[in-house]
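Student: The residues making up each chain are set out below.
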Amino acid sequence: MADMITPHIATKGLSRNFGGLIAVNAVDFEVPKGEIRAIIGPNGAGKSTFVGMLCGRIAPSSGEIMFAGQNITAMPAHRRIRLGMAYTFQITSIFARLTLKENVRLATSWRWNGDETAIQHATLAALEQVGLADRMNQIAGDLSYGHQRLLEIAMGISQHPQLLILDEPTQGLADSEIASFVKLIRDLGGDMTILLIEHNMNVVMDTADKITVLNLGSELATGTPQDIRANKAVQAAYLGETHA
Amino acid sequence: MSDSKKSVIFHLGFLGLLFLLQFLLPAYHHGNLARIMVLATYAMGYNILFGYTGLLSLGHAMFFAAGMYGMGLTMTHLGWTAGPAMVAGFLAGVLVSAGIGFLALRTSGVSFMIVTLMFAQAGFLTILYFGEWTRGDEGFVIQQADRVFAGIDLSDPTNRYLAALLLFGLCLMLTIRLMQSRFGHVLIAIRENEERTQMLGYHVHHHKWLAVIASGTMAAVAGAAYALLFGYAGATFASVQYSIFPLLWVLLGGAGTALGPFIGTLFMFYLIDLSSSLTTAYMLIAGVALVLLTLFLPQGLVGEWRRRVMPWLT
Ligand SMILES: Nc1ncnc2c1ncn2[C@@H]1O[C@H](COP(=O)(O)OP(=O)(O)OP(=O)(O)O)[C@@H](O)[C@H]1O
Ligand SMILES: [Mg+2]
Chain A
0 MADMITPHIA TKGLSRNFGG LIAVNAVDFE VPKGEIRAII GPNGAGKSTF
50 VGMLCGRIAP SSGEIMFAGQ NITAMPAHRR IRLGMAYTFQ ITSIFARLTL
100 KENVRLATSW RWNGDETAIQ HATLAALEQV GLADRMNQIA GDLSYGHQRL
150 LEIAMGISQH PQLLILDEPT QGLADSEIAS FVKLIRDLGG DMTILLIEHN
200 MNVVMDTADK ITVLNLGSEL ATGTPQDIRA NKAVQAAYLG ETHA
Chain X
0 MSDSKKSVIF HLGFLGLLFL LQFLLPAYHH GNLARIMVLA TYAMGYNILF
50 GYTGLLSLGH AMFFAAGMYG MGLTMTHLGW TAGPAMVAGF LAGVLVSAGI
100 GFLALRTSGV SFMIVTLMFA QAGFLTILYF GEWTRGDEGF VIQQADRVFA
150 GIDLSDPTNR YLAALLLFGL CLMLTIRLMQ SRFGHVLIAI RENEERTQML
200 GYHVHHHKWL AVIASGTMAA VAGAAYALLF GYAGATFASV QYSIFPLLWV
250 LLGGAGTALG PFIGTLFMFY LIDLSSSLTT AYMLIAGVAL VLLTLFLPQG
300 LVGEWRRRVM PWLT
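Heads up: the sequence lines are chains A and X, in that order.
Take the first sequence: its letter number 159 is residue 158 in numbering that gives the first Met the number 0, and every next letter is one higher.
Take the second sequence: its letter number 134 is residue 133 in numbering that gives the first Met the number 0, and every next letter is one higher.
Everything labelled a hint here was simulated from the structure, so no lab data went into it.
Every residue, glycine too, gets a C-beta built ideally from N, C-alpha and C.
Be careful, since some hints might not be right.
Unchecked claim - Here are the simulated lysine to aspartate or glutamate pairs, EDC-like style, with alpha carbons at most 20 angstroms apart:
no., chain 1, residue 1, chain 2, residue 2
1, A, Lys-209, A, Asp-27
2, A, Lys-209, A, Asp-190
3, A, Lys-100, A, Asp-141
4, X, Lys-4, A, Glu-127
5, A, Lys-182, A, Glu-115
6, A, Lys-100, X, Asp-136
7, A, Lys-100, A, Glu-127
8, A, Lys-209, A, Glu-34
9, A, Lys-100, A, Glu-63
10, A, Lys-100, X, Glu-137
11, A, Lys-100, X, Glu-193
To be verified - Calculated from the model, a selection of chain A residues having no Cβ within reach of chain X, i.e. all distances over 10 angstroms:
no., residue
12, Pro-6
13, His-77
14, Asn-199
What the hints assert, rightly or not - Label pairs and their computed distance ranges (CB to CB):
no., chain 1, residue 1, chain 2, residue 2, range
15, X, Arg-306, A, Ala-73, 23 to 33 angstroms
16, A, Glu-63, X, Glu-131, 55 to 65 angstroms
17, X, His-204, A, Glu-63, 33 to 43 angstroms
18, X, Leu-16, A, Gln-69, 56 to 66 angstroms
19, X, His-28, A, Asp-141, 41 to 51 angstroms
20, X, Arg-181, A, Ser-175, 31 to 41 angstroms
Next comes chain X alone, as it looks inside the complex (with noise of 0.2 angstroms):
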């Protein structure tokens, strides 16, 4: 069997046990998930970027603010059903992330990530600035009443747990095909040495543009969700920390790895949620947990994994 066929088996195996999991988990542990599958698809995002291009970005959470907005304004304000808010997010993730990307790239390296922040800074501003429809810091509720698609009742948690494994499996395996094509290959080519690529004659420059319209759309995809399914858009999603955790949860699983992104953001979903329930400094621990990841499994844990133990993961 094919490396590339072992991979999508061993991943279509691991969201079989996913859509097992929630007859097993209790409340609490089921509604968790439920989120960190939305949160993982955004990092997946992040990761197509970051993991397989070698493009370290700072701003993505105006990716994701662009999706949630993108659904949650047009369904608030002009009365649109589930089904066309979350195309509007969609299309405002790819319209944001074609721009974003044409004029970032005319930087590389650490200017990249100082105009990708300052970009997504702007964004942050912008949401505060028309607070009038926004709500700025404050959000808004999207009405249960809303979260309703194609006759399913997406606040209902069987429902909304059912619906993030949707999301987060097609993403997952939208990702692993990206990955093993050709187009995703020459990512890969640029991430490990970008002038060899150009002088094999690709263009370097439009790939990467690509890939980030490629990412910037599933984090666009991931807000949009969110807010439908937890009922809430709101600028903190938008500000630097919301661009700071996607980076965070990929290194952790590890970059370059289609299942690292679900692995991190659930390692420190759950660290913060442990570490809070002992101690006010939580955010101490969570930092000296990643800071010991980082120093001893510096590839992360789905990294480290594969290449000790599956060296065919995409």
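Isolated chain A (complex conformation) (with noise of 0.2 angstroms):
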């Protein structure tokens, strides 16, 4: 029963301030475990800088950060990788000048004790689920952004995550791309708790369990997609602002 009233990651009044500028302020979050949840809000709304908060990439200034059940507020980043979390940059950061399978190896290979063969098919797998199996002896460098952007998913969803923190993972992606995507996504849903940053308002209402909007560095909501189509503070936020 307590799993199902404790969040599977949760923050209390977290904020960040660069210099003067307030990015994030005082942000209480909770999603349940299995949920897809969508963070969406206008550019510099501080999506990046509460996301990278969660998995420990920017430390907080102040607030705590509750992951199934454990404070890991003061973790380091690796331990909470470690813990069961993967996060994708929103600006594509892998290993440009390693192999496909390479990049992808180094994501899963410490989760398998060193079980060879366990390690070469997480590998394989991962590359499967995004499409790029067939590329994987290629050059990580060589391959177009959007299949760079892929690349970066198949290195978290080769971790086995419980948790899955994508930053504008669409951006740059073909639509055909976009729909596999979308597909992903939900099949991975369920089984894993997501946080997805995204632009794309389609992709939000097609992957999306709920959706919390951040503007200015604060909620401005959080609801199911159609309370927040619905949400006259969330329109006005967006008003002037054409979202592709």
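Take the two lone chains, each set in its own frame, and fit them into one complex as the hints suggest.
Tutor: Right, here's the structure in full:
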């Protein structure tokens, strides 16, 4: 029963300043296990800073982060990853001079206690899931931008995380690739908790169980896609903003 | 055959070639090659940190000297024989690199270069300061009678060549094993993209520290062997110059290649040897050659070779 109540990932009063700028302002946030949560908001709303604090890349100025019932506010990033988080950067971050296989292998190899067969299996499976298996011996830097994004997602899912954080994963993907991405996320959801920062509203509407809207560092609203679509404050925040 | 197996066989073959060379080389080059193999071992140690992990140290002379003096001082002042004295050199390397690594890794990038440079300078001055024991700049000779290991006289050219080859071969194969292991892959990952490596779940700082220790210890073992095989320890080996040398050798030969350090050391040794027989401005010739090489072969000799011919080389 406890697991039904304890959120999988949660924050309390989470804030981050950059000098005088308040990038994230006292955000209280809760996502239950297995939910797909989209985080949306105008440019500069603080979305990347917020998830950066969840995964340990950015230190909070104040507030707390709980993951699977544990306070992880002060935990270094690599230990959060080993606890079951995976993170993909907004600006693609891969090993450009290594092959796709080596990229994914690095992501997953620590998970399998040195079991070489399991490592190879997880590596190949993740590449297959994003449709890059036939390119596994290519150099990652030679891929198109969209394929590099998919590679980074493959690195994330090869870790079989409990919480997958994706920062604008569909940026630069072709329409057909977006369609298979949506399918992939739906397949993963249910097992995995997924936080999805996304500007493409079709992707958001097709995947998210719930949506959190950030604006000027603060949480503006949280609700089902229908709620958010109908929300006046959200419409106002997006007014004049044409979100592609 | 897997790439890693091919690479191992290639390097074993190369070691076999070095073994055969001793029967063909005239005495002068035979002696040079023994010296080059020991210095190349120093460069291989440097390469673990610089070439594979991507950390540029300007203070490796302190590790080389730690081994050299760990070996030489225990032998000269405590009367230790070659075996235990070599172990002392090895342990001095582990301790110094663990300590310096712990402190210097609080910085990164240019600060790391400067901090390692400063530590090495402090080490150099310490050696001068304790001149009573170290004989400072002048250094001290290690008596021929002491240069005996398991009844083998290491001052004899043939034995010395074989000892140098053994040291070089072991460190070469060790480097290859290390870089083919998961630990080695993480070091390369750190070099390629430190933030991504951290965000994949690796304790980057810890790996860097282990890399400094592996690198510094290999440099120290080379320093100890150098003193033992060539019978001399002196403060010059702790000077800035000897921190710059392995950087140049590795750059020339190919950073992040197992054989690059050897090829770079060999190349530079003979470049200086030849140009100094032609002119007193030999450093100028050497300098120009270095600039040309870095302009036209930016990945170094073995690096280019790997790129064009043998992409599976470690
Ligand atoms: N390292 C930093 N130093 C200074 N200011 C920063 C830093 N990182 C982010 N900011 C600022 O914090 C605010 C929030 O940035 P953040 O990247 O979190 O927004 P975002 O919602 O992800 O925007 P986008 O949709 O453009 O990715 C912005 O005003 C940004 O300029
Ligand atoms: Mg962002």
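Student: So, for every hint listed, does it hold in this structure?
Tutor: Now the hints, each set against the structure:
1. Taking the CA atoms of A:Lys-209 and A:Asp-27, the gap is about 15 angstroms. The hint holds against a cut of 20 angstroms.
2. The suggested pairing of A:Lys-209 with A:Asp-190 holds, with an alpha-carbon distance near 16 angstroms, which does not exceed 20 angstroms.
3. A hinted pair counts as satisfied when its Cα atoms are at most 20 angstroms apart, and A:Lys-100 with A:Asp-141 qualifies at roughly 14 angstroms.
4. Restraint check for X:Lys-4 and A:Glu-127: not satisfied, since their Cα atoms lie roughly 27 angstroms apart, outside the 20 angstroms limit.
5. For the proposed pair A:Lys-182 and A:Glu-115, the alpha carbon gap of about 30 angstroms is over 20 angstroms, so the pair is violated.
6. For the suggested pair A:Lys-100 and X:Asp-136, the alpha carbons sit about 52 angstroms apart, so the restraint of at most 20 angstroms is broken.
7. Distance hint between A:Lys-100 and A:Glu-127 is fulfilled; the C-alpha atoms sit about 11 angstroms from each other, no more than 20 angstroms.
8. Simply put, A:Lys-209 and A:Glu-34 have alpha-carbon atoms about 8 angstroms apart, close enough for the 20 angstroms limit, and the pair holds.
9. Under the criterion of a C-alpha separation no larger than 20 angstroms, the hint pairing A:Lys-100 with A:Glu-63 is inconsistent with the structure, at around 37 angstroms.
10. Taking the CA atoms of A:Lys-100 and X:Glu-137, the gap is near 54 angstroms; set against the 20 angstroms cutoff, the hint is violated.
11. Proposed proximity of A:Lys-100 and X:Glu-193 is supported: the alpha carbons are some 18 angstroms apart, at most 20 angstroms.
12. Distance check on A:Pro-6: its Cβ is at least 23 angstroms (rounded) from any Cβ of chain X, clearing the 10 angstroms threshold; non-interface status holds.
13. The Cβ of A:His-77 sits about 5 angstroms from the closest Cβ of chain X, inside the 10 angstroms cut-off, so the non-interface label is violated.
14. Listed as a non-interface residue, A:Asn-199 keeps its Cβ farther than 10 angstroms from every Cβ of chain X; the least gap is roughly 24 angstroms.
15. Restraint check, X:Arg-306 to A:Ala-73: a C-beta distance of roughly 44 angstroms breaks the suggested window 23 to 33 angstroms.
16. The beta-carbon spacing between A:Glu-63 and X:Glu-131, approximately 59 angstroms, falls within the hinted interval of 55 to 65 angstroms.
17. At roughly 25 angstroms, the beta carbons of X:His-204 and A:Glu-63 sit outside the given window of 33 to 43 angstroms.
18. Between X:Leu-16 and A:Gln-69, the C-beta spacing of about 57 angstroms keeps the proposed range 56 to 66 angstroms intact.
19. Look at X:His-28 against A:Asp-141: about 44 angstroms separates their beta carbons, and that is inside 41 to 51 angstroms.
20. A beta carbon spacing of about 36 angstroms between X:Arg-181 and A:Ser-175 agrees with the range 31 to 41 angstroms that was offered as a hint.
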